[in-house]
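Engineer: Take the sequences, apply the hints, and build the full model.
In the order they appear, the protein sequences are chains A and B.
Per this note's numbering, the first sequence runs over residues 1 to 385.
Per this note's numbering, the second sequence runs over residues 1001 to 1149.
Don't read these hints as lab results, they were simulated from the structure.
C-beta atoms are modelled at their ideal positions from N, C-alpha and C, and glycine is treated no differently.
The hints are all genuine.
Residues from chain B shown here face chain A by an in silico Cβ test under 7 Å; the list is partial: (1) ASN1049; (2) GLY1079; (3) SER1080; (4) LYS1082; (5) GLY1083; (6) VAL1086; (7) ARG1087; (8) VAL1090.
The calculated DSSO-like cross-link candidates involving lysine-lysine, where the alpha carbons are at most 27 Å apart (straight line), are: (9) B/LYS1081 x A/LYS371; (10) A/LYS385 x A/LYS58; (11) A/LYS339 x A/LYS385; (12) A/LYS106 x A/LYS128; (13) A/LYS371 x A/LYS384; (14) B/LYS1129 x B/LYS1057; (15) A/LYS249 x A/LYS225; (16) A/LYS255 x A/LYS385; (17) A/LYS76 x B/LYS1082; (18) A/LYS384 x A/LYS76; (19) B/LYS1082 x A/LYS79; (20) B/LYS1129 x B/LYS1146; (21) B/LYS1129 x B/LYS1036; (22) A/LYS79 x B/LYS1081; (23) A/LYS314 x A/LYS255; (24) B/LYS1089 x A/LYS79; (25) B/LYS1057 x B/LYS1036; (26) A/LYS79 x A/LYS58; (27) A/LYS106 x A/LYS76; (28) B/LYS1089 x B/LYS1056; (29) B/LYS1089 x A/LYS371; (30) B/LYS1089 x A/LYS128; (31) B/LYS1056 x B/LYS1129; (32) B/LYS1089 x A/LYS129; (33) A/LYS253 x A/LYS385; (34) A/LYS371 x B/LYS1082; (35) B/LYS1081 x B/LYS1057.
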Amino acid sequence: MRKIIKPALITLLFLWCISGLAQKTQVGVIGELNLALDNETAPPNSMGSSFQYCEDRKAIAYFNRLTKAIKYFDAKTGKGVGQTQFALQGPDDIGPDPFYFHYHNKDSIFILSRGTNFRMFLMNSEGKKLNTFHYSSDDYSKIRYPSASTLFGALVVRPPFAYIGLEISDQGSQNTMAPIIKLNMDTDTFNYLADPLPYQNIDLQTTVWNNFYYFYNSRIAENTKNGDLIVSFPLDHNVYRIRSEGIEKLDGKSKAIGDFHFLKRKRQVAYDPNNIDVRSIGSSSAWYYGVIYNPYLDQYYRIGMVEQGRDTYKRRLEGEEVYDPVQYSVTIYDSKFHKIADGIIHGREVLFARGIFVTPDGLCGPQHSLKGEDIMGISIIGLKK
Amino acid sequence: MKRVTICCFVMLFALQSCKRKLEIDYKPFFEEASIKLNSERFVLIIPQNGCSNCVKKSYDFMLPRYNSPIIKYAFTNYGSKKGIRVRLKVLGEEDTSDIGFIELSVALDHGLSHMYPSLLEIGKDGKAKVTFMNAEDGSDWEWLEKQVE
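Structural biologist: Rendered as structure tokens:
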């Protein structure tokens, strides 16, 4: 009997230690901040907006797309501490639908805007246009038109180069180059990176992403400490590390992101959101938002959308009305992209679809607008101790 | 022959059912949504977070006819009332006091869409005909433009 009890006790002790370690590395909400909005600023709508922590201001910058202004909030108190208002027309105009900014420093703010024939504007904090860069092509038969991704990870600036993360094409013939532009700002010339090629093992005609934009945003994270670039695609568990010596495929699978779903048929190229299989997959399936690097903690976060419910996709396919809660997957990696911890964040805690950014405190995203129309709650996510 | 006739009747009935528009009792609906009607003939309900192209068409229609006494505008499926008011202000409409806001759950309970704009044609019998503004050829918007001219 003693022969059994002793090993059993040791095993239990071992499991207790392991579970203790696991508890120490849980991912969860570790804080919050309330941004005080002025009378012309509202939280982002369902399409989201871009946010960024500005090191030189110690402030969170939020792109108020309604008024074409970047609003700055003190990162500790959440109080408004100024804005950069862009011109609505004239020579300093930033286009009809600016959707993304990258704050390099107060003299260099990069803006991506729709309706400008693929131009990127370099502005300063006073809203003055300093330069315009071009990345349109004459022939889109072999590449998709270069529509940049949204929310985060669409722009990495490493002078004289800027890397632009683009939407992936739903036609294989247009995915013969990486969906990443490398733009030389000294010469205003660009080329597409040769690798990584997206979705090489997927039959693109069985995907639904011409109806659901979130399946085709490629995103780039820059490790500002060692120069690595990490590329993430929504329907790929791997990520791709770009270094001067080449590209390396890394395991970037999050525990909560399982199989991706595809159509059982080959769909038309046309937009067809009303087909039940397209809707079922589009509204239930899992995907990755992308990877973002936090230089203050020297960590990467891979954020994903967890598949809704158990068999929700199949139940919706059979016509059942299913309302499952939104859940996000957040996986934290160290600077070498070794996994530290996996976690699930409930949609009532944060709305990553509205914005994703990092601060010295952790990974951040806006909350539901439950605190009134003049406060934007921000949840801070990280390792719970 | 009998079977064919029955099939034809069934198909005709089905087609007729598809064509029939949704009708709602608008008084309790507007009461629940806290919307006051004056003498408007139409109410256009725009789902702000719905189909983006449809929302754009709604704004394109609304802005030149913002002060028309024939039509009232209301929003549903929105993230923020303030966001809509600021957007209208940027687009040149300072006064947003006549704009209605309808909770999505109220709109859905009355059969309206969270995706497409719903046009309510106010009848004298307390009923409103509902048209979802999603015709592929744009004929619904053309028809409405003529009504509001």
